[in-house]
Amino acid sequence: AKATMAEASAIREKEAAAYAAAEADYGANVAAIAKAAAALEQGVAGAFLQTSTARALQRLVIDMSSAVLDDHREDLLAFLQGKQGSDYVPQSGQVVGILEQLGDEMKKGLAEATSAEESAAKMYEDLEAAKGREIGAVTA
Numbered sequence: 001a002k003a004t005m006a007e008a009s010a011i012r013e014k015e016a017a018a019y020a021a022a023e024a025d026y027g028a029n030v031a032a033i034a035k036a037a038a039a040l041e042q043g044v045a046g047a048f049l050q051t052s053t054a055r056a057l058q059r060l061v062i063d064m065s066s067a068v069l070d071d072h073r074e075d076l077l078a079f080l081q082g083k084q085g086s087d088y089v090p091q092s093g094q095v096v097g098i099l100e101q102l103g104d105e106m107k108k109g110l111a112e113a114t115s116a117e118e119s120a121a122k123m124y125e126d127l128e129a130a131k132g133r134e135i136g137a138v139t140a
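Taking UniProt numbering as reference, the numbering of the sequence shown is continuous, increasing by one, and the terminal residue is 140.
Treat the hints as calculated values from the structure; they're not laboratory data. Treat each hint with caution, since some may be false.
Unchecked claim - Derived pair list, reagent style BS3-like, types lysine-lysine, alpha-carbon separation capped at 30 Å:
1. Lys107 - Lys14
2. Lys2 - Lys107
3. Lys122 - Lys108
4. Lys122 - Lys14
5. Lys35 - Lys107
6. Lys107 - Lys122
7. Lys14 - Lys2
8. Lys14 - Lys108
9. Lys131 - Lys14
10. Lys2 - Lys122
11. Lys35 - Lys108
Stated by the list, open to error - Simulated restraints, written as ranges between beta carbons of each label pair:
12. Ala21 - Thr139: 31 to 41 Å
13. Glu15 - Gln50: 20 to 30 Å
14. Gln81 - Gly132: 17 to 27 Å
15. Ala47 - Ala17: 29 to 39 Å
Note that CB positions come from ideal geometry on N, CA and C, so glycine has one too.
Model the full structure from these sequences, guided by the hints.
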C-alpha cells in the first residue's frame, strides 16, 4: 500500500505540474488576446504590433491552427504581421471577432483542463484515504 501511494504521489505531482503549466499558458494567451482586441478597439493597433504580446499572439495563432479557420487565421496573421498592403483589407471588427473566438476557445480549454485537474485531485485524495485505511488495518 505504501509503494502504491508513493507511485500515485509521483504521478499526481507530475499531473499537478502539467496543469500549472497549462493554466499559465492559457492565462497568458487569454491576456494577449484581450490586449490585442482592446488595441484594435482603441485604434492603437500599430503600437500593439510592436509588443512582445503581439509576437506571442502570433505564435499562438500558428500553434492553434485547428481552432481557427484558414481564412480567419490568414486575416489574423496578416494583422499581427502588420501587412497593410492592397491584399489586406479586413475590418478591425472582423479581427476583433476572430480574437474573441480564439479567446473563447482558450477559456474553454482552461475550463476543461481545470475540470480534469479537479477530477484527478479528487481521485488521488480518494486513493490516499483508502490506502490510509488499508495501512491502518494492517498495522492495527
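Unsatisfied constraints (hint numbers, rising)
Of the numbered hints given earlier, those the structure breaks are 2, 13, 14, listed in rising order.
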